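Novice: The sequence shown begins at 1 in the numbering used here and counts up one residue at a time.
Don't read these hints as lab results, they were simulated from the structure. All values derive from a computational prediction rather than experimental measurement. All residues carry an ideal CB built from backbone N, CA and C; glycine is no exception. Watch out, some of these pointers could steer you wrong.
Said to hold, decoys possible - Simulated crosslink set (PhoX-like; lysine-lysine; CA at most 25 Å straight-line):
{"hint": "1", "residue 1": "Lys197", "residue 2": "Lys37"}
{"hint": "2", "residue 1": "Lys87", "residue 2": "Lys59"}
{"hint": "3", "residue 1": "Lys4", "residue 2": "Lys34"}
{"hint": "4", "residue 1": "Lys5", "residue 2": "Lys168"}
{"hint": "5", "residue 1": "Lys59", "residue 2": "Lys37"}
{"hint": "6", "residue 1": "Lys37", "residue 2": "Lys5"}
{"hint": "7", "residue 1": "Lys199", "residue 2": "Lys87"}
{"hint": "8", "residue 1": "Lys258", "residue 2": "Lys201"}
{"hint": "9", "residue 1": "Lys59", "residue 2": "Lys199"}
{"hint": "10", "residue 1": "Lys5", "residue 2": "Lys199"}
{"hint": "11", "residue 1": "Lys87", "residue 2": "Lys258"}
{"hint": "12", "residue 1": "Lys155", "residue 2": "Lys87"}
{"hint": "13", "residue 1": "Lys202", "residue 2": "Lys305"}
{"hint": "14", "residue 1": "Lys9", "residue 2": "Lys155"}
{"hint": "15", "residue 1": "Lys34", "residue 2": "Lys9"}
{"hint": "16", "residue 1": "Lys193", "residue 2": "Lys305"}
Stated by the list, open to error - With beta-carbon atoms standing in for the labels, derived distance ranges:
{"hint": "17", "residue 1": "Glu145", "residue 2": "Gly186", "range": "50 to 60 Å"}
{"hint": "18", "residue 1": "Met107", "residue 2": "Tyr235", "range": "46 to 56 Å"}
{"hint": "19", "residue 1": "Ile156", "residue 2": "Ala115", "range": "39 to 49 Å"}
{"hint": "20", "residue 1": "Lys193", "residue 2": "Ser351", "range": "11 to 21 Å"}
{"hint": "21", "residue 1": "Glu64", "residue 2": "Ala287", "range": "41 to 51 Å"}
{"hint": "22", "residue 1": "Ala115", "residue 2": "Ala287", "range": "34 to 44 Å"}
{"hint": "23", "residue 1": "Ala115", "residue 2": "Thr11", "range": "42 to 52 Å"}
{"hint": "24", "residue 1": "Met204", "residue 2": "Asp71", "range": "20 to 30 Å"}
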Amino acid sequence: MAQKKLTAKGTVRWVGRFRPPGGKESSRSFATRKEAKAWETEQFRSHRRGVWVDPVMDKLTVYELYSRWSDRPARENSRLVYAQVLKNLGPIGDIYARQLTRTDVDMWYRTLITARPWFNNEALSPRVARSMVGHLSAAMTMGVEEEWVGRNPVKIPRLDSADIVRVKDIPTPDDIRRIVDLLRTGGAIYERKENGKIKTKKAMPAPMIADMVLVGVGTGARISELCGFDVSDVYLSSRDLDINAQAHHVTGERIPLKTIASERVTPIGDDLVPILTRLVDGRPDYAPLFTTRQGNTYRAETAGKLLRHAAEHLGMPWRFHSFRHYYASRLIAGGLPVNQVQQLLGHSDPSMTLRVYTHLWPDYEATSRRAVDGILSGCGIIAGSKTDLDNPPAL
């Protein structure tokens, strides 16, 4: 029941109170008794419907809610991913979690894939941005379970057709050769900001990055996996490469892969054996496979930047992930089924592989056409003949 309260200034206020079973009492003051009773009634009604949330959480922001979710026990590399999402919440992080709308989330997603004002207006790929929305959705779901918020308004964007890999998204063998040659010789012209000024630079030879490109082409390894290889991961006798770790994006130290599905053993082709032999010959098992001039492990950002300088100098858009697409295209052209391609790429399930690479399977249209060819004759219908469908019964 609403209670009357007199403030120090002599103003009359009415206090509404509600205590859930086994919980702490919540209260709020209003100018009129009617407003206080209406608030109490709404609290009781929400509790009966199972959607009541503690009013104390009214001021909980999206940033704070996501921080609580990301603080739960998790693997080190997962925590790194959570931290990246936290850094990229942008203005949406300041919104009260209970007031978050789907429109807010959609606008945040569009900002991520177009230009992030908080990160030099750089955009993320739709796939990475979609993953971030998925993490926010998981955090909001926990918020609902913990009764911090009443609902989860986050909807993960559908995989856009732009994310589906087509032939034009894959480098040609000549593209790869030209990039590797330029990395070995150096000479790529690029611009870099120094002391607030844009300066033109000339890239030095980067033979180690050239080798990294070739290993990426021959194994489909992600850039973080390439940077995380040790000499012990190379098995020349059985011609296998064990992909079981990745490099930390900041320190470069070797850390576990994100998922068990990412762990895999990849066969080594004949043309890759001489390159790997040169990289491991006479070196201890614990040594990084690819090292900087100082003998340190490459970070993905550094390796990616060196490749980008060479590719852009040649007028090409290719990145390390492009070579992963090239590897997938060769597997598909070689006749491997979806599940084997999935395993060699380290995808979590075959549906992901099929969704991304479906248009690369050879004779995609011809195979579909053969599958339905004769479908009518199988029902005793001859092409061009009249059927009951031509003369439907009168109603």
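Novice: Are the hints correct? Go through all of them and say.
Specialist: Here is how each hint holds up against the structure:
For the suggested pair lysine 197 and lysine 37, the alpha carbons sit about 64 Å apart, so the restraint of at most 25 Å is broken. Pair hint lysine 87 plus lysine 59 holds up; C-alpha atoms about 20 Å apart against a cutoff of 25 Å. Restraint check for lysine 4 and lysine 34: the C-alpha separation of about 11 Å stays at or below 25 Å, so the hint holds. For the hint pairing lysine 5 with lysine 168, the CA-to-CA distance comes to about 72 Å; that exceeds 25 Å, so the pair is violated.
For the hint linking lysine 59 to lysine 37, the alpha-carbon distance of about 23 Å falls within 25 Å, and the restraint holds. For a cut-off of 25 Å, the pair hint linking lysine 37 to lysine 5 stands: about 14 Å separates their Cα positions. A hinted pair counts as satisfied when its Cα atoms are at most 25 Å apart, and lysine 199 with lysine 87 does not qualify at roughly 29 Å. Our distance criterion of 25 Å between C-alpha atoms is broken by lysine 258 and lysine 201, whose separation comes to about 36 Å.
Of the supplied pair hints, the one linking lysine 59 and lysine 199 is violated, its CA atoms being roughly 47 Å apart against a limit of 25 Å. Of the pairs offered as hints, the one joining lysine 5 and lysine 199 is violated, with about 69 Å between alpha carbons and a cut-off of 25 Å exceeded. The suggested pairing of lysine 87 with lysine 258 holds, with an alpha-carbon distance near 19 Å, which does not exceed 25 Å. Distance hint between lysine 155 and lysine 87 is fulfilled; the C-alpha atoms sit about 20 Å from each other, no more than 25 Å.
At most 25 Å may separate the alpha-carbon atoms for a hinted pair to count; lysine 202 and lysine 305 meet this at roughly 13 Å. Proximity of lysine 9 to lysine 155 is assessed by CA-CA distance (about 48 Å); at most 25 Å being required, the pair is judged violated. Of the supplied pair hints, the one linking lysine 34 and lysine 9 holds, its CA atoms being roughly 22 Å apart against a limit of 25 Å. Restraint check: the Cα-Cα separation between lysine 193 and lysine 305 comes to about 14 Å, which is no more than 25 Å; the hinted pair holds.
As the Cβ distance of glutamate 145 to glycine 186 is approximately 55 Å, the hint placing it in 50 to 60 Å holds. About 49 Å separates the C-beta atoms of methionine 107 and tyrosine 235, a value consistent with the hinted range of 46 to 56 Å. Against the hinted window of 39 to 49 Å, the Cβ-Cβ separation of isoleucine 156 and alanine 115 comes to about 21 Å, which falls outside the hint. Restraint check, lysine 193 to serine 351: a C-beta distance of roughly 43 Å breaks the suggested window 11 to 21 Å.
Checked against the given bound of 41 to 51 Å, the beta carbons of glutamate 64 and alanine 287, roughly 44 Å apart, stay inside it. Between alanine 115 and alanine 287 the C-beta distance comes to about 41 Å, which sits within the given range of 34 to 44 Å. Take alanine 115 and threonine 11: their Cβ atoms lie about 50 Å apart, and the range 42 to 52 Å holds. Checked against the hint of 20 to 30 Å, the pair methionine 204 and aspartate 71 fails, with Cβ atoms roughly 43 Å apart.
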